[in-house]
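Peer 1: Residues per chain are reported as follows:
Number of protein chains: 2
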Amino acid sequence: MPKRVVIIGAVALGPKVACRLRRLDPDVEITVIDRDDMISYGGCGIPYYVGGDVNEIEDLCSTASHAIRDPEFFRTGKGIAMLTRVEALAIDRKGKRLKIRHLEDGKEEHLSYDKLVIATGSAPVRPPFPGADLPRVKIVSNLHDAQAVKDLLKQGKVGRAVIVGAGAIGIELAEAMTDLWGVETTVIELADQVLPAALGKTIGRIAKRQMEDHGVKVMLSERVIRIGEAPDTGSLLVETLSETLSCDLVVLSTGIRPNSMIASAAGLAVGRSGGILVDSRLRTSDPDIYASGDCIELRHLISGENQIMPLGSLANRQGRIIADNISGGSSLFTGTVGAFCLKVFDLGISKAGLTFRQARAAGFDPVFAVVSQPDHAHFYPSANLIFMTLIADRRSRKILGIEAAGKNGAAVKARVDAVAVMLRHGLDVEDVCTLETGYAPPFSSAMDVINNAGNVLDNILAGRNRPIGAAEFLEKLAAGEMQVLDVREAPTAKPFVDKYKDRWLNIPLLELRARLAELPRQTPLGLLCDTGPRSYEAQVILDAGGITDTLNLQGGYAMILATGSPLL
Amino acid sequence: MPKRVVIIGAVALGPKVACRLRRLDPDVEITVIDRDDMISYGGCGIPYYVGGDVNEIEDLCSTASHAIRDPEFFRTGKGIAMLTRVEALAIDRKGKRLKIRHLEDGKEEHLSYDKLVIATGSAPVRPPFPGADLPRVKIVSNLHDAQAVKDLLKQGKVGRAVIVGAGAIGIELAEAMTDLWGVETTVIELADQVLPAALGKTIGRIAKRQMEDHGVKVMLSERVIRIGEAPDTGSLLVETLSETLSCDLVVLSTGIRPNSMIASAAGLAVGRSGGILVDSRLRTSDPDIYASGDCIELRHLISGENQIMPLGSLANRQGRIIADNISGGSSLFTGTVGAFCLKVFDLGISKAGLTFRQARAAGFDPVFAVVSQPDHAHFYPSANLIFMTLIADRRSRKILGIEAAGKNGAAVKARVDAVAVMLRHGLDVEDVCTLETGYAPPFSSAMDVINNAGNVLDNILAGRNRPIGAAEFLEKLAAGEMQVLDVREAPTAKPFVDKYKDRWLNIPLLELRARLAELPRQTPLGLLCDTGPRSYEAQVILDAGGITDTLNLQGGYAMILATGSPLL
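Just so you know, the protein sequences line up as chains R and A, in that order.
Heads up: take any position in the first sequence, counting from 1, add 764, and you land on my numbering.
Heads up: take any position in the second sequence, counting from 1, add 764, and you land on my numbering.
Hints were generated in silico from the structure; no laboratory data involved.
Accuracy of the hints is not assured; some may be wrong.
Pairs count within a copy or across copies, as identical chains cannot be separated in the list.
[Stated by the list, open to error] Result set (DSBU-like, lysine-lysine): computed pairs, CA atoms no more than 35 Å apart in a straight line:
1) 1162 with 767
2) 902 with 1240
3) 860 with 1265
4) 1171 with 914
5) 965 with 1171
6) 767 with 860
7) 871 with 981
8) 871 with 858
9) 918 with 902
10) 981 with 918
11) 981 with 965
12) 860 with 918
Only a predicted model underlies this, so the values are computations on that prediction, with no experimental measurement involved.
Between the sequences and the hints, there should be enough to build the whole structure, so can you do that?
Peer 2: Structure below.
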């Protein structure tokens, strides 16, 4: 058993290792150091502190029973030495000691260790354009930043804000500023969608639409050239490729890089992304040094690639594993499937695995299904639609990814988390079709949305369901390349028929078998219903009747509404 | 490919087989028969129709797009012959024909089949006590019964009701009667807990407490002897072993038996429970005859035993599989893990796998953990506690079951459904500890309740955590066999110390390391905090200090409150 364990970093992983280790071993001497004086906090709560859901900064640093996790808490409560405002300078691997500097007085010393844990996290990337370092251009990556931004908001100094980067934190901050503070907020994203690393296009469009519905302006495929200050008003001027935005605050949220310098300087192996390389026991290339959290590379279990995955959930699980291993046990962390969730105003979004693009980049031949379905039995009151994308490999039929969005975030998460387990164990489309989940009308459907996503994907793979996405559907309709066959009831379809004339046909599904003769045989048909099942059934009926040049709108008209382009 | 398929039964499974089959094969002749004239309805919605969440009986017989699924719907819309008020009399397996009787005119005829599907469902068991057949003693197993009971309620004829049987339907009906109709309702259950087939004692107690909190009287370990009528008032008199209850309506909800007579009469194999035996392709012992739904036995994947499992969710999945197999494909149904969920007033309850008792009966050496934890990050507003039991086998560490309850039913279901996937694939305690699920403060904790259930079970298996359940804790406290060491903050603990004097000690956890000398070394200590983590940590600290005769209250004082016995 080690006698002295030193841990660099005291935000999430470090304290977790320390506390678990103390419970496993009452005798080991544990020292945690951190450059900062604010430690052991829920970093994922920062946007909620800015937005006011979390009132005081202390709430993020407190236990569930309201004890503030300060150095004294760790010392007397846990028997852990917590040194704040202390910087780790260098690891002397031969001598097994860590050189540190006390930031208050500049004093340097060495801490000897039997086992060292690197939990240095990540640092935000400050983009290279001019003006990124102006005083009112902020990066919100720790509690000090959060406090500074919240102070500006509280003082009423922010009427308009620009957020650069539509990743999770950018979106959460946009919500925080808009919802509580009424700030006119614009989000600028380089990619052609929001959450480009997390979501595919369909669910990405739903997230964007949700932001716009709540007053956030979203600019995609847009690059910031420079940020300046208006000489007259003092406003910040954010100059992009296409326009210049005037505002009072800019928040940069353009990604992170792992803090692995101290590791690479000590000769520890570091991967392509700059993350420290670890084995399944979370040991670096030096078996006496562990590392985890945002500063390491993880194996993505679907793509097989190593990547950084800065998620607080993973850091906590890893912390427990490191403590187990240090204290003589054997616990493994085999990798991640990238399970993720996010609140975007009224919407919950969840994903696991790869997006379509990521799957293709990883060498798969991905096929996807898109479905819309209520989150519980349609006959039980107040159901909300869940929109879902399920992705599988064409050849192996293995599930590669799932994304979903809906107003009942917990219900969305329920489906995605179940599939996250499947992803880890290499299951296939049939496993989703028959996935066994609890059923009661207030909570689910007898054939739940997740099963139907599997069923639709099975039908697509079998060639029975030939789908078209909402965006392509709208393009073809606009280009006159397709007539719509709307199989909803006549009163629902009528306004569309009135508006689109002979480009919009209506035969309710229940009449379709008897009225096949009315249909044109030259023009391709785009089949449309409310959410998708009826237009699929129409496609099968038309196939049997010899009308095969048809495409079935995935997720139905609900998907067109959710992704942002109503047709009336 | 078969030319003629006949399906007996038109509630859930039968129509599902028919519709999927039609989509797979436009040419096959499909005939569905049913004794009833009400067909293709959501049977699980019946209690919600009685309770008023579902307004009209037609809502249960309609598609999501409001088409009523009557015989005409199936004929013109689906190309399926739907014969109602037709009884199946006998299967002529040699001749491959089904003898039927038209109930309206008594006419009998034969339907020839290439493939036959038995979807006859189950029938309620009418208990044998006298009076079980009185007019106001109802069984609510189909829409006619539901309508009759709702009519009585609407007419204001029911002031007091007794429900016999605290299974899912009994509980849902109790809620229906109490919540909307204000009926004074008593539920009588033979077993020593509610939902004895679904839940273990802890979550069962939470469900019972929830019912009581909403005004339902729950009588456990109680047997009905007879039901009579008061000669003077005409009230029903329900006589039990211990008392006689007067009421206006009795609903019997004491279980079901599979409708397998026609199968056994035809020489098809039937199991111990009376359910038809099928293979993984859902074929009976005659390969041209399929059966599924409530009338078959399923393999329970954890116990390995065959049993009936009357769940609408399974019936729908099975229907799709039968259609696949009939139309020349190969789809398998390998068994069930018994995933289940239920709304009990404000509470959502979910389970999967075996209860502790069931696990022991199946030959395992089960160990369980009980945890209480908020459903999302404690610093984010309006978190609700989730109470959870996780059960594993001591030797193999394989997960055997999970049960949970909480106010956010979708969040409860999310955790249990993820574990349901794990159960199917034989995963173990470590897999739950590291289970990767999406994390965002509004939806989960960084170390989620499900991970912590795994962690606690891991600590129990390692002997680090020596637990005691809430009920045993209260017993020992009352018997003076134990002193309580309350490690909560002094103001929280004070009223308990005041009331229980020297039987209730208080040392806040953060002071415990420094104050070990104050503790008695003779009496056993019951360690208590809010939800469990601090009392576990206290146990570890006491162990290190040589005080080892301690038991840690699982789930903390929150569990005592939820299971029904506040100590103040």
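Peer 1: Going back to the hint list, which numbers does this structure go against?
Peer 2: Going through the list in order, the structure violates hints 2, 3, 7, 12 and respects the others.
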